[in-house]
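Asks: Here is how the chains run, residue by residue.
Protein chains: 2
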Amino acid sequence: MFDSSNTISSAEAEPPLFAGIDLGGTNTKVGLVDNLGRTLAYVKVPTAIEEGPEAGAARMGQGVKTAAAEAGVTVAEIARVGLATPGTMDLSNGMLLDPVNLPGWHNFPIRDRVAHHTDRPVSYANDAAAAAFGEFWVGSGRQYDSMVLLTLGTGIGGGIIIGDLALNGETSHGAECGHIIIDCRDDARICSCDQPGHLEAYASATAVVARTEEALAAGRPSSLSERRAAGEELTTLMLAEEAERGDELSLEVILETARYLGIGIVTLLHTIDPGAVLLGGAMTFGRHDNEIGRQFLARVKEEVRHRAFPVVVRHVTIDFAALGGDAGYIGAAGIARLAHQQH
Amino acid sequence: MFDSSNTISSAEAEPPLFAGIDLGGTNTKVGLVDNLGRTLAYVKVPTAIEEGPEAGAARMGQGVKTAAAEAGVTVAEIARVGLATPGTMDLSNGMLLDPVNLPGWHNFPIRDRVAHHTDRPVSYANDAAAAAFGEFWVGSGRQYDSMVLLTLGTGIGGGIIIGDLALNGETSHGAECGHIIIDCRDDARICSCDQPGHLEAYASATAVVARTEEALAAGRPSSLSERRAAGEELTTLMLAEEAERGDELSLEVILETARYLGIGIVTLLHTIDPGAVLLGGAMTFGRHDNEIGRQFLARVKEEVRHRAFPVVVRHVTIDFAALGGDAGYIGAAGIARLAHQQH
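Chain order of the listed sequences is A and B.
The opening residue of the first sequence carries number 61 in this note's numbering; numbering runs sequentially from there.
The opening residue of the second sequence carries number 61 in this note's numbering; numbering runs sequentially from there.
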């Protein structure tokens, strides 16, 4: 995802400088970012979950030092560090509570431990909120005053920005947009969180695969069956490829997914009424650079156009996010910058 | 709704003073409110839609003068006026656009005309947002940092407060909580706005009556049939009365309504994660003061408890609103106060 051509030299950098850390289940991304949101240096360190959270916080501290050294600046020149992690979390107390993707990292005071290992003040944010803030600051959302980001992957994450506010909620559970209910009926699909009818149960990559499996099991003919018979695992990438080759079922599932997303987006429009809704995340057809991605986006917009208030439809922009996997650390740095300005 | 025992004398009043105006389809409420949200004087003037918006704005100006006189203060002592109207509206330009309940009051610069007729600066707000702000300032929401108000009546209105921000959205269509989608299926119920699956199509008073009609038409036995045979109109009040007398269908419809509301509330909790969700509006069983109201609220909470993230359920308060029909003008005054403080 990271395109090193975006990196600037420290001579060009506009101070103050910030570090952004995006903690993931496999890797942790650390970037040194200037006051205009430009990356000076970037390092990726293994999260190494099995070594526990204290070792992880130390590695993050080391990552910040490495990034600073690479950019030819000292850690003391970093005004503030932004740290983004998955939930569940208690933002106001800086605690990682019970993150599904970080087994064993429970009830850990991650904000203060990262502050210890970097010797810098740390702002703590939800990873989806940080990604949204990154897009809002320097990505696809930069010309809007408010914005919703949906990240489509194994699950569906969300970030809501209103003015300079990344909406966290009272219990750090705001903007959990994958868990809005789109189907109130008793036989609705079940979400990864075990609840029925959530958007994520229809439109995450996991849900797309499950819905496709069901159609195949029901006997729908598809070139997907041949690839699976050859031992390949069914993925959204495979769906996108087969749809592009003309497979009817693959395209149908992809466009149905877009329809469900459009329905979820209408609920967000009628609640938040933002300037833009951006689609990010790793799901293969969630990008401009292929025909299926463009069809997917067009179908999302069509559903929204049919269902939302006309004035809202006229004003809102629905598009793909721009920063890819960099959004998290850039946004974390942006949230640190905001805190720095307010201090 | 207005309880004159809440009125204070101008000698007790804490300056600065504000006027709040709540424009309705039949009556316009005008209150003089002090810096602590207490009402000094209150007048209700007919909206007289047929005389047009300019005459209406003049009557609002007269209402403010009357309220000031009644409190023994001059209009010049009013720091700022808050004006709340139904939508559609363009808040930033102070325009009433195309309000369904005010036929003929189209594209009218209501903010500036009310400023002209009161000779005071005017802050303009959506009526549901104003009601929410009233509850947030001095009503059931006063101890929370963020809050969602759902007003249950002919339709379902909404107001979202986050910190001191009444969420208006980019096109003044934020917090249209009646129009979140709870049923994505093709045969979902149709909303008053002609779109399928909206919360309002299941849980507004209109929807409650429609769902009851359907059950009666399908041959469900109920004491409601006898009252209708006697020429009475089916209303939510009749449902509450018959439910209290033991009519099974009436209670079932009321508790189903609570279930639908609970589902909509879960979507709002997972999006906003507020400190409180309050239920207001004229719907009869939306109150504490009767057994059916208490059962209704308990059923809403039960649905939320089953469906929302446990940590959110533990923290959020779900309750009835406190200010009744006064919430709108008090909240409008509160929004004026906020603007006054920021100027």
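Calculated directly from the structure, the hints in this document are not laboratory data.
Since the model is a prediction, treat every value here as computed from it, not as a measurement.
Be careful, since some hints might not be right.
Where chains are identical, the list cannot tell them apart; a pair therefore holds if satisfied intra-copy or between any two copies.
Capping the alpha-carbon separation at 20 angstroms, the derived lysine to aspartate or glutamate pairs in EDC-like fashion look like this [stated by the list, open to error]:
| hint | residue 1 | residue 2 |
| --- | --- | --- |
| 1 | K361 | D254 |
| 2 | K125 | D379 |
| 3 | K125 | D94 |
| 4 | K361 | E301 |
| 5 | K361 | E74 |
| 6 | K361 | D246 |
| 7 | K361 | D379 |
| 8 | K125 | D179 |
Asks: A separate judgement is required for each hint: does it hold in the structure or not?
Replies: Here is how each hint holds up against the structure:
1. K361 x D254: between (29 angstroms within a copy, 19 angstroms between copies)
2. K125 x D379: neither (36 angstroms within a copy, 50 angstroms between copies)
3. K125 x D94: within (16 angstroms within a copy, 55 angstroms between copies)
4. K361 x E301: neither (22 angstroms within a copy, 46 angstroms between copies)
5. K361 x E74: Answer is neither: 38 angstroms inside a copy and 51 angstroms across each miss the 20 angstroms cutoff.
6. K361 x D246: Classified as between; 18 angstroms across copies, 28 angstroms inside a copy.
7. K361 x D379: within (9 angstroms within a copy, 37 angstroms between copies)
8. K125 x D179: within (10 angstroms within a copy, 61 angstroms between copies)
Going down the numbered hints, you'll see the structure goes against 2, 4 and 5, while the others check out.
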